[in-house]
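Q: Once you have looked at the hints, place chains U and P on chain B.
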Amino acid sequence: MLIRLLGDSLRRRTRRAAVAILAISVGTALAAALLGISLDITEKMAREMRSYGANILATPDSGDVQLEVGGITIRPPAARGGIDETQLVKLKTIFWRNNVVGFAPFLSAIVEVRDQQVALTGTWFDRTLTLPAGASVRTGADTREKAASTSTFRTGVRVIAPWWQVEGKWANDEDPGAAMVGSALARRLGLRVGDAFTAHYAGRPLALRAVGLVSTGGYEDEQIFVGLTTAQGLLGLSRGADKVLVSALVEPDDRLRPDLRGRDPAQMTPEQYATWYCSPIMGAIVTQVKEVLPNADVRPIRQIAEAEGGFLSKVGLLMTLLTATALAASALAVMTAMTASVLERRTEIGLMKAIGADAGQIALVFLSEAGLMGLVGGLLGYVAGLALAAFVGQQVFAAAVSPPPAVLPVSIALALGVALAGSALPVRQAVRLDPVSLLRGR
Amino acid sequence: MMSAVVRAEGLTKRYNGRVHALAGVDLTVARGEWLGVMGPSGSGKTTLLNLIGCLDRPSAGRLLIAGDDVTTLSQAELVRFRRNHIGLIFQQFHLIPYLTALENVMLAQYFHSLADEAEARVALERVGLGERLHHLPAQLSGGEQQRVCIARALINQPSLILADEPTGNLDQANEERVMDLLRELHAAGHALIVVTHDPAIGDLADRLIYLDHGRVVREQGLRPLAGGALVR
Amino acid sequence: MLWRMLRGSWRHRRVRLGVATLSMLLGAAMTSALINLSFDVGSQTGRELRAYGANILLLPRGASLTPGGTREGRGIRERDLAALDGIPAVVGYAPSLYLVADVQGRPLAAGGVVFERLQAMSAWWRVTGSWPAAPDEALLGVSAARSLGLAPGDRIAIGYHDAKRELVVAGLVETGGAEDNQVLVPLPVAQALAGQPGQVGLVQVSALVAGQSLVEVAGAIEARLPDIQARPLRQFAQAEESVVAKVRLLLALVAAVVLGVAALAVGSTMFTAVVERRAEIGLMKALGAAERRVAALFLADGIGVGAIGGLGGYAAGLGVAALIGQQVFHATLQPNPLGLPVTLAVATGVALAASIWPVRQALAIDPAVILRGE
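As they're listed, the protein sequences go chains B, U and P.
Letter by letter, the first sequence follows residues 1 to 442 in this note's numbering.
Letter by letter, the second sequence follows residues 443 to 674 in this note's numbering.
Letter by letter, the third sequence follows residues 675 to 1048 in this note's numbering.
Keep in mind that the hints were calculated from the coordinates and are not lab data.
From a predicted model like this one, the values you see are computed outputs, not experimental measurements.
A couple of the hints might just be wrong.
Computed cross-link-like contacts, EDC-like style, restricted to lysine to aspartate or glutamate with a CA-CA straight-line distance of at most 20 Å [what the hints assert, rightly or not]:
hint, chain 1, residue 1, chain 2, residue 2
1, B, 243, B, 126
2, P, 920, B, 43
3, B, 243, P, 848
4, B, 90, B, 259
5, B, 90, B, 145
6, B, 90, B, 43
So that you can see chain B by itself, here it is in the shape it has in the complex (with noise of 0.2 Å):
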């Protein structure tokens, strides 16, 4: 009789059950849409970060005071090439590897260019890199298997400086001579791009030709920028490196387990380490950049690296605080909504009360049919919902934003909720009254 009884208010209150369904839905959406943006919006910023450029900086581990000045590192010869490049390519093999966008070797010296002192950095400006299948590749704090295929992948300069403003052409890393000159300094010595110039470094000529300017209005616009393997060449290195720059996707700390912050990674358990290891978090990724890179100083550009974690922990909490804000809304609005239809069905109330149907037989009728509507209502909108987060990626990021499967139950248990709580307050209400007063209308 129960399942009668819905059937055919459902099926003869069509237009009521529609808009009541329709105001389940709609409030669904909202709550499902902005749920799934915020909670995958944190990633698809942290991508968009990158544009700042490298945020972890790798610098052979020496223990001297070092002169800087102009973004040149100005060392004893002796200390020159502390990092060897070709160990680069097992960035690629630590567990974040696919949080690694790009990175590049920077190997400087002061040469004189027609008579003017001027710093001179080796580097890739575009490289592709070839991982061999069966390489070690970590999964795991301590775990590791064999890759299972060839990758290969960009890398370089123009990977990680997107900033960089070339006129001309980017110089090729196999042209020995190929160089790009700061447009500053290109003015300063009256070089034009396809110049050709020489570079005397201990009394050695360079002959290097002008193939771009390039202005970033940094330090990079007074600097000369050759291929690694002709800066080497220049000091006498056979390889090495004095500095590398990495650029990773990282997110803010407060994605971490919460047990986990601000914890000392040397004082946890094995297991608790395993889980801040697998946490694509700051310190994580430059201890296993230190794991592949054993020489060299590994630290966070913390200018970079901060900026990026505020700005991702300050938009992670604005959406978080909309998504709030709309899922107490559209939980407001479908509470009415369910309440003003089932006020109007006081007399109907009444009239059941006086043929004999008790509070509770009276409840069960009202409040599953607010069930099945909350759950057709809550499916309904979790379908729309995600199809505009999906179009908020699109147009934003272009790409899909991936709500996290939990969003499913959670919109359906939102409409339902709702709903049955928006029904039980007027029918308590309605059932308490007495059939008459009902009847009559007042």
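A: Chains U and P alone, transformed into the frame defined by chain B:
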């Protein structure tokens, strides 16, 4: 011959193109005449009333009211025509629940031209509701509601008053009261068409027609018109 | 009479109208909150990033950032920098004068800075001890401190050519950058050492990218300070512009989604409210009401709900926006002047649009059909 308020020729109404709710009714109502319409349920009484009240359009036939052919009028013209010539009294009263008795009457004035509270008050006093002006319909008895409905029908001085089972929802005492009012209207010279299946009310008419299956099956003159001639 | 009818209808249909107004209010509140947020949030997030270093460098015209420092130019007069305060986009600036000094017998980069200005732009600096406050205190980079064997409270001797000064190390700074290998001293000390009183070599400027590009800000600075070249740091300019634009777009789209959803919810409530009154519309027609009058009555109803809900919602939304601004940015958000008109227009627009269709439909039906009941 006296001018007729209503003249219908071959009035026909089909619903969905098949059912003949009304099948070729010829009818004339003279100025100041009280016409009773009787017949079993589904005989077409209400359809006839809706057509004459310009609430609905005939499928075929001609209908002249106060000399105008209403079948040729546009929707907007029909509305204007209705508000100037016709007063409606419903079995279900159809009062607006959130307006007081006075305001319900004023509403008809407002739609006609301008609301005039004093005039509306007089109309309600005339139906004996001078004490209940500011009550909502829910606070009035059925008879009182029907009297508000009558006051509303009168307020714009229509040439024709249509009543559909005006006492159908009333008890004996209230029925008497409403009948008296209808008699007063008739005496004041309004033309009345009253649909009923209560023979006692039918008997009050000057003339009675019986409808069955959408046709006039019988017609009965009960008393001579004020003008003396029995109009056919 | 119209007013009288509206009053009666509102009193009688309290619950229905209450629900419609409440749902309107909630929709309007979300709309107004998002409009107000999205207006200011771009500049707020931009401001957030501004605590993380300069994005424009000022150099004397003709000077360069060479390894030897910036000495070859004439220098910038410190007092000229007051002109920067007149540029609204500039949120902070820090003048400095760098020299390669002799510190405890070793060459070390020494920078003369104005500490309180620098501190506002250096949220990522980690200082152990304290920031220098007295005119004879210095901040020492951690790496330099380690190799020199100095700790906060120690005295430090800084020499340049023939000049020499002794200062107290107030704190050690760790930035992960060049400062770790530098000593920072009060600007007058560096000026005295270099023999360049009142001169600075480099000014770091922090400018908001909201509304205009950094290149434009740099242009404005050069226009006011003719002997100076302003170099936007492309790294920060580009990243900030793109990130702030993303946040803006995100908020705008979320606002649009909320707006759409709110409109739908409010619309459906209004729609049912009108559909329920179809019999009333039929009766009015039967009584001879012109369509325009009936429409006016129902639309006035919609406008009333829209205006009241919209107004209340606007206020509530403003409150929500202010609360979020306070929570997230610890700042009072500027209310968007467009917020009120847009919220009201959307609210009444939705209410009207949702009423027009059912009213028109009801008007098109013969009153006889409606009066007979469905």
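Q: The structure should be examined with respect to each hint, and the outcome stated for every one.
A: Against the structure, the hints come out as follows:
1. B:243 / B:126: 17 Å, holds
2. P:920 / B:43: 14 Å, holds
3. B:243 / P:848: Holds, at roughly 18 Å.
4. B:90 / B:259: Since the Cα atoms of residue 90 (chain B) and residue 259 (chain B) sit roughly 31 Å apart, the hinted pair is violated (cutoff 20 Å).
5. B:90 / B:145: 14 Å, holds
6. B:90 / B:43: 24 Å, violated
Hint violations for this structure: numbers 4, 6, all remaining hints satisfied.
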